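Engineer: Next come the chains, spelled out residue by residue.
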Amino acid sequence: MSGGIKITESRCRGCANCIRSCPTEALRVIDGVVRLLPDLCIDCGECIRSCKDRAITVNDDEWDLIKTREGLVLMADPAFYVQVGAYSRPRLMMEALESHGYNDLSEWASLAFDLSAFASAKIIREGGENLPYISTYCPAVIRLIQMNYPELVGRILPVESPLETAVTIWREETGAKENVTLVSPCPAKATLVRNPVGRKRSSLEYVVSVRTVIRDMLACNVKVTGAKTRPVSGRWLLWSTSGGEARHIASFFDKGFTSISVSGLRNTQDLLNELELGRLSGVDFIECRACDLGCFGGTGTYESRFLSQLRLNNIDAEWMPSSEEMERIRHWHDRGVWELAAPVVPRERLPLSKDIKEAMAKLREMDAIYADLPHIDCGACGRPSCRALAEDIVRGQGDVSDCVFKMRERITQLSEEIQCLSSKLPHTLHTGRKRRRS
Amino acid sequence: MGQEPYVEEYAIQAGDFSAIGEASTKFKATLKMLGIASDLVRRASVIAYESEMNALIHGGGGMLRMTVHDDHLVIEASDSGPGIPDVQLAMQEGYSTATDEIRELGFGAGMGLPNIQRNADAMEIDTEVGRGTRLRATVAFKQG
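Just so you know, the protein sequences line up as chains A and B, in that order.
Numbering-wise (the working numbering), the first sequence opens with residue 1 and increments by one.
Numbering-wise (the working numbering), the second sequence opens with residue 1 and increments by one.
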C-alpha cells in the first residue's frame, strides 16, 4: 500500500532508470510512463533517488494550505533539526519554528523517544527465543520484512514509532484536539501517516517533507539566537543517524547489550538475509535504516547527508535521563501508550493463482517463457528483469513481443517467410508440359 | 493440467561458501509464487538451507531437489560424500564432525539435522559409509 510516492507523469520520459533500483520490483514503464504497483511498494524512495527528471517525488500534502492554519502543530522528525547551517543547533531550529507561529512538539518527542528506548530495552531484556529483535522505527524496513522476509515478522519489536507516541502523549497531557502535521524526511514516514502498520489509524493527520518546510523557512530568513527556547535532550535527535536508536536502548541496559546497526538498503537486505539464515546468534538487537547513513539520508531532506551527520556529531547527548524525566518515562510506560496495537503480519504476495494446481501450471509456463528470454535484464520492455516480464506475461499483463530481442527474432522469422513466399510462382505462371500438349 | 508435481533442482558445488543460501532463496521465491502460506515457506526454506549446508560441508557437493505436490512438498538432498556412520549420534543437537576451519566460518554447530527434523513433517535418511547420503524431508500443506 503505497502512499509516500508521487509520480508526475508529465515529467516522466520513460527512461526506465527507476525500475531497476526498486528492491521489490514494484515499478513498470507502460506506454512510456512509469507506473507503480502499490501492492509491492515499500516506500523506500530508491526510485526517487534514481529519477533524474524529478518525475518521482515524496507525496506531500498541500503545505501551502496547511501552513495558513492558525496555531499549526508540527511533529518534526529528528532529521529535521540538523538540516540548515544557519540554524546549526537543534535549539535554533526549534526557535525558528516557533517564530513562524508553529507549535513544535519536540518536548513530547523527546519524552516519546526516551519511552520507546526504555520499553524496547525492557522487551529485549526479557527476549529469550525472539532475539535478536528488529527495530520498528524505519517503516520501509518493516514493509520490506513484511514482503520479502515474512519469517522475520515475529522479531519486530512490538513498540510503536515514537513519532506516533509523542502525539498520543501530547494529546493526553494537554487535551489538545488540533491536527498534527508530520515533517518527514522520506516517503516511508509519509506512509506511516497514511497507511500505518500495526494500528488502524495514525495519530498524525498530515505529512509534508522536510525539504518543503525548510525551503519555506529559509525564504523567510528568520533570525534566531537560541535564547528563547529551553535546552532539549539530544538523545532523541540521534535516532536520525545510524546506530542512534541502538545507543539509546543500550543506555537503559545495565548488562551487556549486543546490537548491529546498518543503513542503506543493500546493507539492510544483506543483514536480514543473514538473520533469516540464523547466522546472528548472540545478537540482541538489529537496527536497520533503509537510507544511507540514517534518516537524514532520506529522499525528502534538504541538506547534504554528510553535513547533517557532521552537525549531529556535534550534539552532546546526556544519556542519563534526569530523575524527573525518568519518572515521566515510567508513568507513560505503565500506561502502555508505546505499545504497537496489532502485531506486524506478513504481506502475502499475490500468487500466480489461488489454486495450487493452476499456479503450478502457470509457474511452469513462466519458466518456459523465461528460458526463452535473453536474460540480460535490459529494462527495454519496461520491466525490471526478464523474470518480471515472464511473470507479467503469465499474469496476463504483457506479451512476449514486449521484449525487443524477441521482437527482432520475430521480424527475422517473418521476413524469411516473406522471402520464401515471394519465390513461389502463381499456378497460372507455371511453365511445363501443359502448354506443350495444347 | 497441473497433475504432475512441480520440480526444481539445484546443484551444490563443493566448498562454494559464497553461494550459501542460494538454493533456499530460490525455493522460497517459487513457493511464494505458488501461494504457499508463509510459515510453511519458512519451514521449507530452513530445511533447504540446512540440507544445502550439509551437502556443502560434509558431502562434497551434491544435488538439492524440491518437488511440490498439491498437498505437500518434498525436499531431497543427495551427495556422494563419506556417509554418516552413526545417524542417531548425528541427530543429536550439538554433535558435529565439522572441521575447525568450517567452525571458524560460523557453521558446523551440530544443529543441521535436528533443525531439519524439527521443521519437517517426516524425514528419512539413507546413508552408508563410503556411498554418500540421501535425505528426504516432507512438509505437508494443511487443508483449509
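Because the hints were derived from the structure by calculation, they are not lab data.
Wrong hints could be hidden among the right ones.
A few chain B residues facing chain A, derived, Cβ under 7 Å [claimed, not checked]:
#	residue
1	Phe17
2	Gly35
3	Arg42
4	Tyr49
5	Asp70
6	Val87
7	Arg131
As the structure is a prediction and not an experimental result, all values here were calculated from the model.
Every residue gets a Cβ at the ideal spot worked out from N, C-alpha and C, and that includes glycine.
Engineer: Are the hints correct? Go through all of them and say.
Structural biologist: Hint-by-hint comparison with the structure:
A cut of 7 Å between beta carbons decides the hint on Phe17(B): the least distance to chain A is about 12 Å, and the hint is violated. For Gly35(B), the suggested interface contact is upheld, since its CB lies about 3 Å from the closest CB of chain A, less than 7 Å. Satisfaction of the interface hint for Arg42(B) is found here, the shortest Cβ-Cβ separation to chain A being roughly 4 Å, below the 7 Å cut-off. Taken as an interface hint, Tyr49(B) checks out: its beta carbon lies about 6 Å from the nearest beta carbon of chain A, inside 7 Å.
This hint holds: Asp70(B) has a C-beta 5 Å from the nearest C-beta of chain A, less than the 7 Å allowed. With a cut of 7 Å, the hint placing Val87(B) at the interface with chain A is violated, because the nearest CB-to-CB distance is about 23 Å. At its closest, the beta carbon of Arg131(B) sits 29 Å from a beta carbon of chain A; the interface hint therefore is violated under the 7 Å criterion.
In this structure, the earlier hints numbered 1, 6, 7 are contradicted, and the remaining ones agree with it.
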